[in-house]
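As they're listed, the protein sequences go chains A and B.
Under the working numbering, think of the first position of the first sequence as 1, with each following residue one higher.
Under the working numbering, think of the first position of the second sequence as 1, with each following residue one higher.
Keep in mind the hints are simulated off the structure, nothing from the lab.
Owing to the predicted nature of the structure, the values given are computational and were not obtained by experimental measurement.
Treat each hint with caution, since some may be false.
[Claimed, not checked] Listed next, the stretches of chain B that the computed footprint assigns to chain A, with coverage defined by at least 3 CB atoms under 8 Å from CB atoms of chain A:
#1 172–182
#2 486–495
[Claimed, not checked] If you want the ones that stay clear, here's a sample from chain A, every Cβ over 10 Å from chain B, calculated:
#3 R51
#4 T72
#5 F88
#6 V189
#7 T209
[What the hints assert, rightly or not] Beyond 12 Å from chain B on every Cβ pair, some chain A residues (computed):
#8 V44
#9 V73
#10 S97
#11 H110
#12 L132
#13 L150
#14 R188
#15 D202
#16 V206
Think of the CB as a built atom: it goes at the ideal place given N, C-alpha and C, for glycine as much as any other residue.
Letter by letter, the chains look like this.
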Amino acid sequence: MNTFVAVCAGVLLGAGTAGAQARIDAPWRVGISLGARFHADSSVDAFASGRSQFASGLSLSRDVATFRERGTVAVDLDWSMETLDGGFGQAFHTRLSAHALTAGLSVRWHVARWFEPYARASVGAGYSDLALTPQASSNASALAGDAWTLLGTAGAGVQLTTGTFLRRARFVFAVEAGGVFAMSQTMRVAPDAAHPGSTPADALPVGATTLGGLNLGGGYFKMLVGLRF
Amino acid sequence: MNPILRPQTLCFALVLAACGQRDPRYGLSMATLPPVAAGSALFYVQPALDRAVVVDTGTTDPTVRSVALGTGAALAVPRAAHAEALVLSRGERGSDGVDPAPASLAAVTATGTARRWTLDAPFTALSQSDDGRWALATFDPHAVSERLLFNPNELALVDLDAAPSATNPVVRTVRSFGGVPQRVVFSPAMVVAGERRVLAVVLSDAYVTLLDLAHPDRSEVTVRLTLPEDTRAIAPSQVLFDVENATIYLRADASNDLYVMRLVQVTPASATSEDFRPALNQLAAGTHPSDMALTGTAAARRVLVVSPGSQDARLLDTVANTSTVLPLSAPANHILLFGADATAPATTALLYGTNGVASAVSFVALTDLAARRSLNVETLQLGRTIGDALPLPERKVVLFSHPSGTTGSLSLLDLSQRTAAPIYSEASLGGARFDGDRQTVWVAPDGLQRLGYIDLDGFRPGEVRLDAAATDVVALGGAARRVAALHAGAEGWFTLIDGAQPTRAHARSVRGFLLEGLLDEGAQ
């Protein structure tokens, strides 16, 4: 995880240098995103009552180059997460937290000063951790596990930009939709030692249980509100 | 801002608009029938999921397999003399959007394979022959039918060693005199009318039905135990078979008589008639006879009966129609025959009374009993009433539990020495189990995170601390001597304990196996 963040930070810092050379006005953009994830795989059904879930995230991007006067190329670092609360088997409460950290490349086209359609692609890592808590009152601890995966996204959207304030700052609003392509995560769970009142400290050895493959691929839609400067 | 126009609200609206359908399988109950131990495997049947999860503990790491079953599993039992589980499924009667499905019987192996026989009716009870070849599916008169109409005298005979076919299972309706089958007992193979065969004895309210498994196409033989004008339901409850003499002994809970059916050869009236008929004899057996046992050789067969109502035991000669009455100091309702060792003929009978009727037991020497009568009876006082008993004649031991307020204590009766060793216990004997080679008795007290055991070699008790309270303990077969302490938990959880080294250091927890492959199920 730390290596991945360092690589992404390096990309952004390198992009910052390149952007300065390109003299792009207000090249940075930070924003928060709210949206939805639409999961295609039935493995998600174990953790939620539906295939669509609310998702949120943070984004930091930097314009790095222009082309044909109206085109802009930007790199970005994007973190998003979704939390699925549910249950299955009339026996377990479930909580699945899925994080995605991606480095992306986008191309915007200046139709107008305030209106820019764009396309974006990214690659990165996904991290999911889940907890299965028995519904019945018992002294059994929860089962928990986590896993990493590789993922990529491809999407398109439009970005609306306001006029300047505070010298070169602008508000920005973007709407984007696309697809998430993820490798399946093999989820394994074991008794959660951190669970309160759970198994004793000297609990008997127990092997992990393989739940199977969790695939968080599907579609996404998000709205981003941010600031360009 | 208008709440409706907030970005998060808009996102949720989009989410709802694009909702995919959840796989309904994840909404089904994961509840299991009581787990079944057979061979080295544990079988967990999940009726709502139409599957059995088989955990084979015969390998270093337990192997988990999922086996598809028929719809509506209602009963799971170990198959006699086989490392398999039998699962009776009632099928689906059908409803709006749900297709009907037939009832079935499945034999599930530890390796995750299943053989399935389709049944014509949603039976609720299952009986097996001792060798595990035959299974008879019937209706439990106390079970809920879940059908608009059903005939409780219908039954299905399944040859478990044969593949499903047009003649397997055999479905038939047995003759009734107003009663319904209460229980089925299979005979050992015995020669009747010059032919070796196995009989299924169906016990009804006041009559029994004999089914010849060697000729399932033949009519059944029905034997009334009361006169036609007698409306009593005498409730036949115990059946013994004298194989050498082709004779069936029958005891009924609500009768003071013993019924002896000698199967004699006759000329069949038709091709579908039986070639034998029972010659019925009825003998007085004291007041409320509660147990019986066969003694003697084939040439001089006797039946020993205990009757707590008259506080005596009787030795009946069913050929000469004579009886020898043995008054007992302590009432008894059970008989245990034992010999010098496990293979020797029985020479002594232990007569004991459970459920608080007695605090003493009687040893009866069977040799020359008719002549010596009470001289052959020796009484041993235990000092406390007997609640329950676990007999283990092959190890010459009987374990008694004594009710004592909220806790109980135990006695180990040494049949050879005729001594009773008290063992103090925080738990009752309820649910106690022997391990595979019957060397250790295990007790899983309800609600306690401990498993108690008594090594029957030296009568040494001990306990193993568990990670959670055990709901039951079961013995596992296979090469190693092991038991499994079962724990509550929808994920599937048991503690595997080495019977040869019953310590926590030699125990391991097996947990979560009902969740194995959970995320891959939706795609099935």
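To see whether the hints hold, each was checked on the structure:
1. Under a criterion of three residues with beta carbons nearer than 8 Å to beta carbons of chain A, the stated coverage of the region 172–182 of chain B fails, only 0 such residues being counted.
2. Under the rule that three or more residues need a Cβ within less than 8 Å of chain A, the assignment of the region 486–495 of chain B holds, with 7 such residues.
3. Listed as outside the interface, A:R51 is inconsistent with that label: its C-beta sits roughly 3 Å from the nearest C-beta of chain B, within the 10 Å cut-off.
4. Listed as outside the interface, A:T72 is consistent with that label: its C-beta sits roughly 25 Å from the nearest C-beta of chain B, beyond the 10 Å cut-off.
5. Distance check on A:F88: its Cβ comes as close as 4 Å (rounded) to a Cβ of chain B, failing to clear the 10 Å threshold; non-interface status is violated.
6. With a closest Cβ-Cβ approach of about 6 Å to chain B, A:V189 is found to fall inside the 10 Å limit, against its non-interface label.
7. With a cut of 10 Å on Cβ distances, A:T209 falls inside the contact zone with chain B, its closest approach being about 3 Å.
8. A Cβ of chain B approaches the Cβ of A:V44 within 12 Å, the least distance being about 9 Å, so the stated non-interface status is violated.
9. With a least CB separation of 28 Å from chain B, A:V73 remains clear of the 12 Å interface cut-off, as annotated.
10. Chain B leaves A:S97 outside its interface by the beta-carbon criterion, the shortest separation being 16 Å against a cut-off of 12 Å.
11. The claim that A:H110 is not at the interface with chain B holds, since no C-beta of that chain comes within 12 Å of its own (minimum 25 Å).
12. Its closest Cβ contact with chain B, about 7 Å, brings A:L132 to no more than 12 Å, contrary to its assignment away from the interface.
13. For A:L150, the requirement that its beta carbon stay farther than 12 Å from each beta carbon of chain B is met, with the minimum near 18 Å.
14. At roughly 9 Å from the closest C-beta of chain B, the C-beta of A:R188 falls inside 12 Å, breaking its exclusion from the interface.
15. At roughly 8 Å, the least C-beta separation between A:D202 and chain B is not larger than 12 Å, which violates its mark as non-interface.
16. Its closest Cβ contact with chain B, about 4 Å, brings A:V206 to no more than 12 Å, contrary to its assignment away from the interface.
Hint compliance for this structure: hints 1, 3, 5, 6, 7, 8, 12, 14, 15, 16 are broken, all remaining hints hold.
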